[in-house]
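2 protein chains.
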Amino acid sequence: MELGVGIAKIRKYATSESGDTVEVVERPKGGLSVVLADGQSSGRGAKWISTMVVRKVITLLAEGVRDGAAARAASDSLFTERGGKVSSTLNILSADNQTKTLVITRNNPAPALVANNEDIISLGEKSLPIGINRGTRPVINEVGLELGLTTVVYSDGIDHAGSRFGDSMDVQTCLVALLENEDPSPQFIADSLLLNALNLDRGRPSDDISVVVLRVMNRGEDEVRRMTVRLPLDLR
Amino acid sequence: MELGVGIAKIRKYATSESGDTVEVVERPKGGLSVVLADGQSSGRGAKWISTMVVRKVITLLAEGVRDGAAARAASDSLFTERGGKVSSTLNILSADNQTKTLVITRNNPAPALVANNEDIISLGEKSLPIGINRGTRPVINEVGLELGLTTVVYSDGIDHAGSRFGDSMDVQTCLVALLENEDPSPQFIADSLLLNALNLDRGRPSDDISVVVLRVMNRGEDEVRRMTVRLPLDLR
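As you go down the protein sequences, you meet chains S and X in turn. Heads up, the first sequence is in numbering that gives the first Met the number 0, so the first residue is 0 and it goes up one at a time. Heads up, the second sequence is in numbering that gives the first Met the number 0, so the first residue is 0 and it goes up one at a time.
What the hints contain is simulated information worked out from the structure, not anything from laboratory work. Treat each hint with caution, since some may be false.
The list cannot tell twin chains apart, which means a pair is met if one copy fits it or any two copies do.
Straight-line C-alpha distance at most 20 Å; calculated DMTMM-like pairs for lysine to aspartate or glutamate [as the list claims (entries may be wrong)]:
no.	residue 1	residue 2
1	Lys28	Glu141
2	Lys125	Asp182
3	Lys28	Glu117
4	Lys28	Asp169
5	Lys28	Glu16
6	Lys125	Glu181
These figures come from a predicted structure and were not determined experimentally.
Starting from the given sequences, assemble the full structure and let the hints guide the process.
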């Protein structure tokens, strides 16, 4: 079997950089973690915050610190550094080879979606961004890794998509439709959800948007690990 | 235009984990860096070393430290920590959006290949692994980012491929052949080079093998950044 991750990101229209940061890190005992942070506001300041949060979390994860403790440490760091004036959302998706589970850690009002084939649940228990209060705790869910498991987390650009035009995006309904395709790849799902949001924003995203999809697939006949990155390049 | 990175990795046959570590990190002023380290020997000890080296480098890069300084810092750290008894190779590929250049940093006897379309040069100036001597310096080359630029770096599993059977791999010749395809993706090039090495090893790699390919392509009509990760998953 194969574990696949697809990530698609776009920055707010007419800003120089995205305030969202997503990084993938190997776990010391096998498996991987994907860390997504969305820094308050947009542009350079937001990028600084989200980079700081993601760096903190992946450094701790690489040392073997558990996801929940890493999230609390990032929250305390941001709270201390910025005196509770700056917030960031934080999501950690960790696929652990030893426990054969997926751990979903949220400091994000937006839900995480978990689908077992076409049966979808929304993990929407109340969850606060980090950095505003002392001692903010993440909401943590753990599910067994099994064939067809699909998890989606995203930054709030998805929730804002289309709001200028009185529209909104029902991510769960979109995901149901996407999973009706023949064995969709996580990158296809991430790209499709992002495209849907972009269309609602008439091609000009009103906020930074990031979508992370993790999926267990019946592929991978070989023992090769692969990573592909593609980003726009302006050489003018 | 689009900047693409393709990474393919496999561990030595009959070992539990690869001693190679590859990570991709966003650069603070735009662009990205790919960091590859191959820790001495194989298995868990090698993994610990390569993880430590890559962590050190990406933490410094994320703070805005220049590639050469980050490589020297990683070398000094490893030398201090292990008393000069443990070595690691290190490669950094950095595509910088500001300078519009690709910086190739090597502490690795294996060369880096740079192709402008089908015209290939091998950057093979003598370069030592880090960790053995105090003050080891990397070899650094810088080339302009332009359409068709393709760069390949790899761990020494490629150089050892087939040696048990009296065979060896000519990476440059393989790359020439691969670039004759119609606009090959970096992932296709990385997968093909790894497959070639695997075949020379009769399907049982005699060492950890990692291949990193970076390529500037004429694609990317949108402003979306994408990252895809695929890894084998054993749920039994």
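Original post:
Should Lys28 paired with Asp169 be assigned to within, between, both, or neither, using CA atoms and 20 Å as the limit?
Top reply: The answer is neither: 36 Å in one copy and 34 Å across copies each exceed 20 Å.
Subject >> Identical-chain pair category, Lys28 with Glu16, by Cα at 20 Å >> reply: between (34 Å within a copy, 9 Å between copies)
Subject >> Lys125 and Asp182: within-copy, between-copy, both or neither at 20 Å Cα >> reply: Answer is neither; intra-copy 32 Å and inter-copy 48 Å both fail.
Original post:
Should Lys28 paired with Glu141 be assigned to within, between, both, or neither, using CA atoms and 20 Å as the limit?
Top reply: Intra 17 Å, inter 36 Å, cutoff 20 Å: intra-copy only.
Original post:
Should Lys125 paired with Glu181 be assigned to within, between, both, or neither, using CA atoms and 20 Å as the limit?
Top reply: neither (34 Å within a copy, 50 Å between copies)
Subject >> Intra- versus inter-copy proximity for Glu117 and Lys28 (alpha-carbon distance at most 20 Å) >> reply: neither (31 Å within a copy, 41 Å between copies)
Of the numbered hints given earlier, the model fails hints 2, 3, 4, 6; all others are met.
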